[in-house]
Structure formats: structure tokens, C-alpha cells
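Take the two lone chains, each set in its own frame, and fit them into one complex as the hints suggest.
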Amino acid sequence: AQSVAQPEDQVNVAEGNPLTVKCTYSVSGNPYLFWYVQYPNRGLQFLLKYITGDNLVKGSYGFEAEFNKSQTSFHLKKPSALVSDSALYFCAVRASNYGGSQGNLIFGKGTKLSVKP
Amino acid sequence: DVKVTQSSRYLVKRTGEKVFLECVQDMDHENMFWYRQDPGLGLRLIYFSYDVKMKEKGDIPEGYSVSREKKERFSLILESASTNQTSMYLCASSFGFRYSNQPQHFGDGTRLSIL
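Residue numbers (the working numbering), protein chains in the order written: chain A, 1 to 117; chain B, 1 to 115.
Hints listed in this document are in silico derivations from the structure and should not be mistaken for laboratory results. Take these hints with a grain of salt, some might be off.
As the list claims (entries may be wrong) - The calculated label-pair distances, taken between Cβ atoms and stated as ranges, are: (1) A:ASN68 to B:VAL12: 42 to 50 Å; (2) B:GLY16 to A:LEU56: 47 to 55 Å; (3) B:TYR99 to A:ALA1: 21 to 29 Å; (4) B:LYS57 to A:VAL83: 39 to 47 Å; (5) B:LYS57 to A:TYR61: 30 to 38 Å; (6) A:SER84 to B:ASN101: 27 to 35 Å; (7) A:PRO18 to B:GLY16: 18 to 26 Å; (8) B:ASP38 to A:SER114: 43 to 51 Å; (9) B:ILE77 to A:ASN68: 39 to 47 Å; (10) A:LYS116 to B:PRO39: 15 to 23 Å.
Stated by the list, open to error - Pairs of lysine-lysine residues, derived as DSBU-like cross-links and limited to a Cα-Cα distance of at most 35 Å, are as follows: (11) A:LYS22 to A:LYS69; (12) B:LYS53 to A:LYS49; (13) B:LYS3 to A:LYS116; (14) A:LYS109 to B:LYS53; (15) B:LYS3 to B:LYS57; (16) A:LYS49 to B:LYS18; (17) B:LYS3 to B:LYS53; (18) A:LYS49 to A:LYS116; (19) B:LYS55 to A:LYS109; (20) B:LYS3 to A:LYS77; (21) B:LYS70 to B:LYS55.
Even glycine gets a Cβ: it sits at the ideal position worked out from N, Cα and C.
Looking at chain B on its own, in the form it has when it is part of the complex (with noise of 0.2 Å):
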């Protein structure tokens, strides 16, 4: 089975840290994603990166940024977190593009809240 490994499942930080959120996949997917996830508002793409050191921009990436470094390993940085950022994080991971059939599979989920 696929595994896709969120580093925290809740998490709390104040205004203005930084925030890193990391996931790890174990499948060697090539596509991997980072979404947030609200209340009404279904799931918004925030980053997703097809290759290591790869990224492209999603539906919200204000505020955010991403690193994959490794092509296992996708994380997800807010650089000055705010309120505003407190969400449910999912990370997800799939094969490439070419195999567009494939499902992508999701870890847990990390809750951040903002203080």
C-alpha cells in the first residue's frame, strides 16, 4: 500500500514563525501536492511540484512556499504564518502525469492552528 507520511498530525504556532510542514511518500511517485482544506471550500491547491526541485504555483500559493529537495520529501513553508493560515494541511503524492489515470493518495492530514 502506498504510504504518505504527514511529520505532524496538529500543530500550533503564533503569528509571524515560520512553519514547516513536511510529507514523505514511499512509493516513488514522481507528483506530489500540498492542499488546504476548509470548511465549504473543499480541498485548494496550494504547490505542487512533478520532479525533485520542480514546483509550480496552485490556486492559493500567497503566503507559502515549498522545497523538494529529495524526491520522496515535499514540504510546505509559511514564511510569516498568519491566522489566516490556520487550516487542515493534506499532502498527496502520484505517479506522473503520463500515468493521469492513477488515483493520488493522501496522508492524514497536519491541523494547523495559528495563535
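The shape of chain A in the complex, shown without the other chains (with noise of 0.2 Å):
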């Protein structure tokens, strides 16, 4: 069965600092794999996508996630925190060798990440 796990309900950063918001997944063969981003009040925003390749992917924002496939990892970096990144944000993971219903995305639970001045 696939899955997703954010390990962390909260990470707190200090402004300027950078930021780590990690995600490990469990997927039969190939996963694709993604970030969104939710501000308050509104619905999922996607940030960044991992399909194949450079194991570095960059996004939006000044996002980046890094794919480690030993260690079923994609964590989200940020290399200087603002306090405006505050939000809840979501990984999430599709086998890439399914259609239909199993090709839908499994969403983790969210990591609410708080940035303070």
C-alpha cells in the first residue's frame, strides 16, 4: 500500500535561518512525488514536483526538495526562512506504474511551519 509520513505536526525556524520540512513515502515501483502549500483559509497550492532526474528539484517560492530514493525521502529546504513561508504544507506521492484509482495522490497529514521575526 502506498503511503506518506511527515513526521513533524510542527517545525518552527527562525527568520533567515534555513528550513527543513521532511516527508518519507512507500510506494510500489517509481514514485512521483509532490509539495503544496496551504495559507490559511484557502485551498493546497503546489510548490514543487519530483518525477525523474536531478534528485535536487527547485521550485516555487525559493523552494527545493531533495529526493533520496535509499532512504524513501523528500524533504522540503529552504536556504533562508521569511516569516511570510508560514502555512501548512503537504507531500505527496503517486506510483508512477498505476492508472485509475490507484493512481491517485496519497497526501501526508501536513507540517505546520511557523517562521518568527
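Dropping the structure here:
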């Protein structure tokens, strides 16, 4: 069965410091991995994705994520956090070799990022 | 940019009412999804549709039904609303599963309160 784990409910970072939001996954075959951000009372916004190729993926708003196949992880990172990055972050996975309902995205439970001035 | 529009941002209904949540997308996406989001539980899939008039149950379909009469529109129906259906409801759309490397795009959500 496919699954995603975000082990931290909340991450606290000081503005200007680097941030990491962790994600590990379990999927049969090669994964497609996604990060989304949700600001209060809004829907999810797509940040970045890993499909194949370079393990370091760059996305919107200065975010990047590193795919590590041996550790089955896809951690979200940013070199210098901003107060405006405070939001809820979701990791999602889909198996590349499945279609139909088994091709649906599986979401983690979310990590709340709080960046303090 | 993809636009997924949910008809209401906030909605208050009474127990036992039949409730309709509407979602429209403008990108000719084949797939459309309804999720509910609750604190600590993340996103849970209620129903999805991969074509007009086609629907499949997600993880928590009980108490809900859906309708997709046109490609761009996907409706979620609460047959007889109950207080445990108070939640944030999110609609999403995406290209068909043969384009599974593409993300889903979300609306801004409907915060539904059942009194």
C-alpha cells in the first residue's frame, strides 16, 4: 500500500535560518512526489514535484526538495526562511506505474511551519 | 493558470438538509476530486471522477454522493447533512491518469458548518 509520512506536526524556524520539512514515503515502483502549501483559509497550492532525473528539484518561492531513493525521503528545504513562509505544508506521492484509482495522490497529514521574526 | 472555482467559501446549513457543493474547472481536466480536510487527519478523498458521468468512491464516501454531468463541473451532495460533516471541503482537478506526473490543482475550499 502507498503511504506518506510527515513526522513533524510543527516546525519552528527563525527568519533567515534554513528550514527543512520532512517527508518519507512508501510506494511500489518509482514514485512521483509533490509538495503543496496551504495558507489559512485557502486551498492547496502546488510548489514542486519530482518525476525523474536530478534529485534536487527547485520550485516556487525559493523552495527546493531533495529526493533520496535509498531513504525513501523527499524533504522540502529553503536556505533562508521568511515570515511569509508560515503555512501548512503537504507532501504527496503517487506510484508512476499505476493508473485509475491506484494512481490517485496520497497525502501526508501536513506540517505546520512557523517562521518567527 | 489553472482555475478551480468552488461556489461558496463559507456555508452554514442545518442538520437533515440536502447540501450541494459546486466546483468548476477551466482547464479541460479529465479528473476531478472532492476531499475533506480536518485538523490532524489531513486530506481524505471522498469521491473522484475520471470522466463525465463516471464516479468512483474514495476513502470516506458514506453520507455523500457526487454528480458530473459536464466535464468542467463536479458537484458534491450531502444527502442529509449531519454535524459530523462540518469540515473544510476541497475540490481538485488534474489531467487524466496517463499524465500522472502532473499535479492536482485545488480550489480555495468551502468551509461548511452543520448546525
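Evaluated hints:
no. : hint                            : in the structure
1   : A:ASN68 to B:VAL12: 42 to 50 Å  : holds, 46 Å
2   : B:GLY16 to A:LEU56: 47 to 55 Å  : holds, 53 Å
3   : B:TYR99 to A:ALA1: 21 to 29 Å   : holds, 23 Å
4   : B:LYS57 to A:VAL83: 39 to 47 Å  : holds, 41 Å
5   : B:LYS57 to A:TYR61: 30 to 38 Å  : holds, 35 Å
6   : A:SER84 to B:ASN101: 27 to 35 Å : holds, 29 Å
7   : A:PRO18 to B:GLY16: 18 to 26 Å  : violated, 52 Å
8   : B:ASP38 to A:SER114: 43 to 51 Å : violated, 20 Å
9   : B:ILE77 to A:ASN68: 39 to 47 Å  : holds, 43 Å
10  : A:LYS116 to B:PRO39: 15 to 23 Å : holds, 22 Å
11  : A:LYS22 to A:LYS69              : holds, 14 Å
12  : B:LYS53 to A:LYS49              : holds, 30 Å
13  : B:LYS3 to A:LYS116              : holds, 32 Å
14  : A:LYS109 to B:LYS53             : holds, 31 Å
15  : B:LYS3 to B:LYS57               : holds, 24 Å
16  : A:LYS49 to B:LYS18              : violated, 38 Å
17  : B:LYS3 to B:LYS53               : holds, 22 Å
18  : A:LYS49 to A:LYS116             : holds, 27 Å
19  : B:LYS55 to A:LYS109             : holds, 25 Å
20  : B:LYS3 to A:LYS77               : holds, 27 Å
21  : B:LYS70 to B:LYS55              : holds, 13 Å
Taken one by one, the earlier hints fail for this structure at numbers 7, 8 and 16, listed in ascending order.
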